[in-house]
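Undergrad: Listed here are the chains, written in short residue letters.
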Amino acid sequence: MRWFAFSWQNFWFSFLALVFEGVPFILLGSLISGIIGSFVPARVISGLLPKSRFPAILVSGLLGVIFPVCDCGTVPIVRRILKKGVPLSCGITYMLASPIVNPLVIISTIIAFQGQAPLLTAGLRIGFGYFIAVVIGLIVSSLPSESRLQKGLVTTGRSSRTAFTIAPLYGSGSEKMEAGFVRKASVAVRMATDDFLGTGFYFMIGAAIAATFNTAVNQRVILPLASDSVLSIISMMTLAGILTLCSTSDAFIAATFVTFPSAARMAFMIFGPMFDLKLIFLYSSLFKKRFVIALGVGLFFFVGLICAIFVSELYAIQDL
Amino acid sequence: MQSRICNVINAGTLFGLGTVFLSFYGTGRIEQYLNPSFRPFVMVGGILMFIMGVTCLLTLPSEHSCSEGGCDHRHASRLSMSLASFGLICVSVLAGSTFSKDAFDQQIFVNRGSMDEDAKLSGGFATNAVFPAVSKNGIVRDLAVDDSIVVEITDLLGAIKNEPLRNFIAEKNVVVVGEFVAGPTEQNFRLTRMFIWCCAADARPIHVTVEVSAPVGVPDLQWVKVIGRPEYSFADGHAHLLVKAYSVVPIKAPKDAMLY
Numbered sequence: 020m021r022w023f024a025f026s027w028q029n030f031w032f033s034f035l036a037l038v039f040e041g042v043p044f045i046l047l048g049s050l051i052s053g054i055i056g057s058f059v060p061a062r063v064i065s066g067l068l069p070k071s072r073f074p075a076i077l078v079s080g081l082l083g084v085i086f087p088v089c090d091c092g093t094v095p096i097v098r099r100i101l102k103k104g105v106p107l108s109c110g111i112t113y114m115l116a117s118p119i120v121n122p123l124v125i126i127s128t129i130i131a132f133q134g135q136a137p138l139l140t141a142g143l144r145i146g147f148g149y150f151i152a153v154v155i156g157l158i159v160s161s162l163p164s165e166s167r168l169q170k171g172l173v174t175t176g177r178s179s180r181t182a183f184t185i186a187p188l189y190g191s192g193s194e195k196m197e198a199g200f201v202r203k204a205s206v207a208v209r210m211a212t213d214d215f216l217g218t219g220f221y222f223m224i225g226a227a228i229a230a231t232f233n234t235a236v237n238q239r240v241i242l243p244l245a246s247d248s249v250l251s252i253i254s255m256m257t258l259a260g261i262l263t264l265c266s267t268s269d270a271f272i273a274a275t276f277v278t279f280p281s282a283a284r285m286a287f288m289i290f291g292p293m294f295d296l297k298l299i300f301l302y303s304s305l306f307k308k309r310f311v312i313a314l315g316v317g318l319f320f321f322v323g324l325i326c327a328i329f330v331s332e333l334y335a336i337q338d339l
Numbered sequence: 022m023q024s025r026i027c028n029v030i031n032a033g034t035l036f037g038l039g040t041v042f043l044s045f046y047g048t049g050r051i052e053q054y055l056n057p058s059f060r061p062f063v064m065v066g067g068i069l070m071f072i073m074g075v076t077c078l079l080t081l082p083s084e085h086s087c088s089e090g091g092c093d094h095r096h097a098s099r100l101s102m103s104l105a106s107f108g109l110i111c112v113s114v115l116a117g118s119t120f121s122k123d124a125f126d127q128q129i130f131v132n133r134g135s136m137d138e139d140a141k142l143s144g145g146f147a148t149n150a151v152f153p154a155v156s157k158n159g160i161v162r163d164l165a166v167d168d169s170i171v172v173e174i175t176d177l178l179g180a181i182k183n184e185p186l187r188n189f190i191a192e193k194n195v196v197v198v199g200e201f202v203a204g205p206t207e208q209n210f211r212l213t214r215m216f217i218w219c220c221a222a223d224a225r226p227i228h229v230t231v232e233v234s235a236p237v238g239v240p241d242l243q244w245v246k247v248i249g250r251p252e253y254s255f256a257d258g259h260a261h262l263l264v265k266a267y268s269v270v271p272i273k274a275p276k277d278a279m280l281y
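Keeping their order, the protein sequence lines are chains A and B.
Sequence positions in the first sequence follow the working numbering and run 20 to 339.
Sequence positions in the second sequence follow the working numbering and run 22 to 281.
Derived from the structure by calculation, the hints contain no laboratory data.
This structure is a prediction, so every number in the text was calculated from the model and none was measured.
Quick reminder that beta carbons are idealized off the backbone N, C-alpha and C, glycines included.
Any given hint could turn out to be false.
[As the list claims (entries may be wrong)] If you anchor each label on the Cβ, the simulated ranges turn out as follows:
#, chain 1, residue 1, chain 2, residue 2, range
1, A, S166, B, T230, 37 to 47 Å
2, B, K265, A, V316, 48 to 58 Å
3, A, L67, B, I72, 25 to 35 Å
The task is simple: from the sequences and hints, build the whole structure.
TA: Following this line, the structure appears as structure tokens:
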């Protein structure tokens, strides 16, 4: 069995499909980002989160319920709220949790797992997805932001004002300065354009690599690993990283891998929305490369460990 | 001056991408790529890109603000970044739209395997198949000619777990279309369709096994219309479905090649 067989026809078809599916959501995220950047003062953003670290991270993990944006769309939003002064720990918690802890994903998971303990599966996915995002947020909160973020995102007081940033002026005591709605809207669109081009740049690289592996790798090579509880989890997380599925649809794919243990399928559904080939490049627009790699490796081990120990045990109790 | 050039390039990127999105939506090519519920986003996205492109052309970033430091709007002011974005975003998608054949080739059946090989998987379709009304794919349609009913592969698989539908289908001749994939012997083949949830990137093949009395004589991936009778049997806790064909004829690819 050949594990890798590349075909240009399949590559272009899959690449365009990823573009058509993902780009509208990046556009949506960029527009939200532009609106936040132009219309929402920094103090309003800061006011949404509790002052102390732990509750702020807990709340950040739940923001996906209010802003149900998929993994592609979160990146421009996180980029913007970081520029508005939201702590990196809160931004990263939102970024990791929102593709899982959002109503669309909950519904799709329940539908996909009909006849396979749908409520338990959806509950475990949300619960552990949220827990993992919060833990990562807490770890990140103890690290200095400057060494993790890309240069332009490090907030250093007044000097961090950007080309189109009107909102921070209000937040910094210049409420009297008024900008007309049309001007603000135009600034919002310009900001959205730049965020879109910046994020889209990385997305295209990720989509091209994802399309290559998504179509060229023979997915049957992992089937023999299904009988081993640890290897099955590792192989399903690797597959999730390669397939780069949208979090609203990945449950349908996971549900079809019935030969794999439930814990391995859960690992697929938790790890995939947090880290995959496409996200490596999208995250690179926010974070330094070393941090992206560390995040990926950390998530791989953490999600794997959680699924191998706790999720498999919980499914075993339910006799699943 | 550089800002103006960047503006034009950025607008060009947005116009180019927007044109591809709108042309795929307008010409119907998008039907091969996305589930219907995702298609309107392509049209809206295309329109938004044009609006953003026009805004980009009509306005200029404030150079004063940009010079305050910490500006991360690299595309607004740096020619190299604008050109890189144009190349990576616009040119790659334009190339894709030119070279894509709007379908997978045979290799995908090998690489992705058939989703319904395990009988348990047919349960996933049982929720979609609604008897006797029209299902998600417009599946069980009105009675066709010669007392045959037109069904999709998803109906045949869904009927494994849906007893009323199974009883209804099993007593009728069915007309079902799909792509021919040769079986282990000349007396049977796999009638295959791609099933997608969101986009073609997540599509996986599903199939039913068709038994024929003589070799069909068509190449792999040729679209065929099969008229036959489905037979359901249960052994070892698994359901087995076999369609015994009376007629297999080559046809053109249907408008919606994918099932969803």
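Undergrad: Does the Cβ-Cβ separation between S166 of chain A and T230 of chain B fall within 37 to 47 Å?
TA: Violated: the Cβ-Cβ distance is about 59 Å, outside 37 to 47 Å.
Undergrad: Is the gap between the beta carbons of K265 of chain B and V316 of chain A within 48 to 58 Å?
TA: holds, 54 Å
Undergrad: Falls inside 25 to 35 Å, the C-beta gap from L67 of chain A to I72 of chain B?
TA: holds, 29 Å
When the structure is compared with the earlier hints, a violation turns up for hint 1 alone.
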